[in-house]
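Protein sequences, first through last, are from chains A and B.
So the first sequence is numbered by UniProt numbering: it starts at 1 and just counts up by one.
So the second sequence is numbered by UniProt numbering: it starts at 1 and just counts up by one.
Don't take each hint at face value.
To be verified - Some chain B residues flagged as far from chain A (calculated, every beta-carbon gap over 12 Å):
{"id": "1", "residue": "E16"}
{"id": "2", "residue": "N19"}
{"id": "3", "residue": "N22"}
{"id": "4", "residue": "A72"}
{"id": "5", "residue": "G98"}
{"id": "6", "residue": "T363"}
{"id": "7", "residue": "H375"}
What the hints assert, rightly or not - Interface residues of chain B toward chain A, partial, derived using beta-carbon atoms under 7 Å:
{"id": "8", "residue": "T5"}
{"id": "9", "residue": "R73"}
{"id": "10", "residue": "D267"}
{"id": "11", "residue": "Q268"}
{"id": "12", "residue": "K289"}
{"id": "13", "residue": "R418"}
{"id": "14", "residue": "A420"}
Everything labelled a hint here was simulated from the structure, so no lab data went into it.
The beta carbon of each residue, even a glycine, is placed where N, CA and C say it ideally should be.
Protein chains: 2
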Amino acid sequence: MDATTLHTSLGDASMESMNLLNEIAGRYPEAISFAAGRPFEGFYEVDQVHEYLRVFCDHLRTERGMTDAQVARTLYQYGDTKGIITDLIARSLAVDEGIEAAPASVVVTVGCQEAMFLVLRALRADDRDVLLAPSPTYVGLTGAALLADLPVRTVCTGGTGIDLDDLLVQLRAARAEGKRVRACYVTPDFANPVGVSMEMPDRRRLLDIAESEDILLLEDNAYGLFHSGPDRPATLKALDRRQRVVYLGSFAKTGVPGARVGYAVADQRVIRGAGDGTGGGLFADELSKIKSMLTVNTSPIGQAVIGGKLLSNGCSMIAANQREAAVYRDNLNQVLHGLAKRLGDRPEISWNAPTGGFFVVVTVPFTADDEFLEHAADRYGVLFTPMHHFYGSTAGFRQLRLSISTLTPDRIEEGLDRLAELILQRLR
Amino acid sequence: MDATTLHTSLGDASMESMNLLNEIAGRYPEAISFAAGRPFEGFYEVDQVHEYLRVFCDHLRTERGMTDAQVARTLYQYGDTKGIITDLIARSLAVDEGIEAAPASVVVTVGCQEAMFLVLRALRADDRDVLLAPSPTYVGLTGAALLADLPVRTVCTGGTGIDLDDLLVQLRAARAEGKRVRACYVTPDFANPVGVSMEMPDRRRLLDIAESEDILLLEDNAYGLFHSGPDRPATLKALDRRQRVVYLGSFAKTGVPGARVGYAVADQRVIRGAGDGTGGGLFADELSKIKSMLTVNTSPIGQAVIGGKLLSNGCSMIAANQREAAVYRDNLNQVLHGLAKRLGDRPEISWNAPTGGFFVVVTVPFTADDEFLEHAADRYGVLFTPMHHFYGSTAGFRQLRLSISTLTPDRIEEGLDRLAELILQRLR
Chain A
1 MDATTLHTSL
11 GDASMESMNL
21 LNEIAGRYPE
31 AISFAAGRPF
41 EGFYEVDQVH
51 EYLRVFCDHL
61 RTERGMTDAQ
71 VARTLYQYGD
81 TKGIITDLIA
91 RSLAVDEGIE
101 AAPASVVVTV
111 GCQEAMFLVL
121 RALRADDRDV
131 LLAPSPTYVG
141 LTGAALLADL
151 PVRTVCTGGT
161 GIDLDDLLVQ
171 LRAARAEGKR
181 VRACYVTPDF
191 ANPVGVSMEM
201 PDRRRLLDIA
211 ESEDILLLED
221 NAYGLFHSGP
231 DRPATLKALD
241 RRQRVVYLGS
251 FAKTGVPGAR
261 VGYAVADQRV
271 IRGAGDGTGG
281 GLFADELSKI
291 KSMLTVNTSP
301 IGQAVIGGKL
311 LSNGCSMIAA
321 NQREAAVYRD
331 NLNQVLHGLA
341 KRLGDRPEIS
351 WNAPTGGFFV
361 VVTVPFTADD
371 EFLEHAADRY
381 GVLFTPMHHF
391 YGSTAGFRQL
401 RLSISTLTPD
411 RIEEGLDRLA
421 ELILQRLR
Chain B
1 MDATTLHTSL
11 GDASMESMNL
21 LNEIAGRYPE
31 AISFAAGRPF
41 EGFYEVDQVH
51 EYLRVFCDHL
61 RTERGMTDAQ
71 VARTLYQYGD
81 TKGIITDLIA
91 RSLAVDEGIE
101 AAPASVVVTV
111 GCQEAMFLVL
121 RALRADDRDV
131 LLAPSPTYVG
141 LTGAALLADL
151 PVRTVCTGGT
161 GIDLDDLLVQ
171 LRAARAEGKR
181 VRACYVTPDF
191 ANPVGVSMEM
201 PDRRRLLDIA
211 ESEDILLLED
221 NAYGLFHSGP
231 DRPATLKALD
241 RRQRVVYLGS
251 FAKTGVPGAR
261 VGYAVADQRV
271 IRGAGDGTGG
281 GLFADELSKI
291 KSMLTVNTSP
301 IGQAVIGGKL
311 LSNGCSMIAA
321 NQREAAVYRD
331 NLNQVLHGLA
341 KRLGDRPEIS
351 WNAPTGGFFV
361 VVTVPFTADD
371 EFLEHAADRY
381 GVLFTPMHHF
391 YGSTAGFRQL
401 RLSISTLTPD
411 RIEEGLDRLA
421 ELILQRLR
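Sequences are here, hints too, so could you generate the full structure?
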């Protein structure tokens, strides 16, 4: 089989980024890893999975009045394509985010990644269609767009996220080329990889731009609940009064990654027929149609695990994650202080200062590519993610992403020692 | 949002077929349903899900030498994109099917549906590419092809499955139009919807055609284990010596549908670079790359449930499904005998006689479309699937698919009484 006869996505370096990085990490299992973006594992217990399942099954019996046979059938059988916990997700969005979402506008997906693909597949009608996304951006977005044959046009990122002036410039440039801009992907809170968050005036302005320019906003909110400060800004979806926002939710960081449960909230009305405004349903129904031919439905067992976790915590993932949030907050502070202590007197080295989330970006005055990573792993026993992977290897060659989520305080101290030594050595 | 600006698949009636049928069924909950293709539910027990999880976790401890923390991490975290039970699947293929598959050639997917999409996405490089598939065919194949923008060209079906002479005719016709035929989708055993199976000489001839014409065969084997007779014919993959077959496996009928676990076996070698035959990996690795951007990985919890069921039964799904297989065998016999008893003296009505699987097709001398189904449900309290849905509504208007999988003997008798009355009434 000749690789050149396969789908074009398979020839794109972005599709390989994560494999390549995992492969390097895999060769240095003893290295201290600031690369892994996985959630903290210290509180995982197998018994809890069983407990979540039991709690959800009890809920089916007591709240939904099911018999034992119906409960068994709910776990075992195929189920509704949109999912069996749309009501619980809607309630958690109200409790945690102040988002009012009708359960019918929710589609439960196999992680947030499937939600992304569903939305991009739906929005790609022909080859005029394009998507806007900040650069750097999450590789999962780049990959899903490649699979959907939807070109991504990049928008600059400033110190607080996507640059809205450049967004307008790119919008107009795309249109001048005859392109149809369907949506802009954005992660307002602690974006992967840059870690920064949008300020409130920018959030409102972005919503206004979406309305006046008639585009959708695809809001990815995987990290929003891990906020260190007192004032958590409202999500775009909470501020959205004009159905401009498709909200992409994840339980991979707050729930159980291994359940593979995410969701989209898509309350946009879809008009079918002669534009008389009747008929048609919600955008969520279109996503559900695509999902029925992609994965049929999300595992009811996985959904039951997440449902049980929600029910055990009053449908609040903030409540469910208090211990984890404290770990991330402490780790983030430790990394920021640790960098300052070790490298604060070197003006040629800088880093940003996110107020939450998993990521910090360090800028250095030399090339920090995959070869440098290999050197770091081999000689210094420390791992990070070269930022160029998030720029489609067009930029970011002097930046490192540090992830703070999986390490213990000891390992962070030791890891920062190694990282500082590595960087200072390279400066000599 | 204007529906005409969405992906073309969303305007195709095939994408709506199942929703439409479910909607009709939903309005007649008391009707006896020969429509549902779901597996038999009589043996489902929630405790068994817990037990399967425990068995798999014990296996991780004892066979893979994991600590409790590692076991917890395996269930909770993201895992290998190809899956964590590829070894157990490979073993079950050897035990049940005589298929020798290296675990590295297996990709665990979110049901067989995701496996189909991964393969079709990979094989669609540009708009010359087409897929062959028998008509009538499973709607999930049609839907996945629509999502991958891969046109399907149909091949006639005879009394024992795909018509191989017509396959050659269609292959040449496609090539004469400048098309590149990538693969032929086929279900040799108890195909959905027609229920029939290919004979051994045809299986061998199909493999020879694939080799001489340089196409892949996509073998869907969701029902093969439910064979009534003594001699189960070998699958194409078991006969495949030239890596012509991509095997699409499902645990939805034999495992736990709600785990949403299927897989592809893709042992084809992919050549990258200047055709020197070096480099590159397996087609399974390409599928895994696509999967990493579609669903990241299949829920380890779902995989653990299936893994536990396999381990509890010596990695044999034949052993695991003895009770279910007996139910399907008895139900199929009851339906075939019941049709003969009630309609055997009416030569204008006929049906086929599958030797296993879930489906029987009845041919009538009048239109049996969705309106007729509605009439059947409303007046006679009986449901079936109008066959035209499997022909993209281009044919099959005088055929009904009866599914035998979910009913008890009482309900079958009563359902056949109703069905016979309905048919005889229409003949008067």
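Which of the listed hints are not met by the structure?
Result: hints 1, 2, 3, 4, 10, 13 and 14 break, sorted rising.
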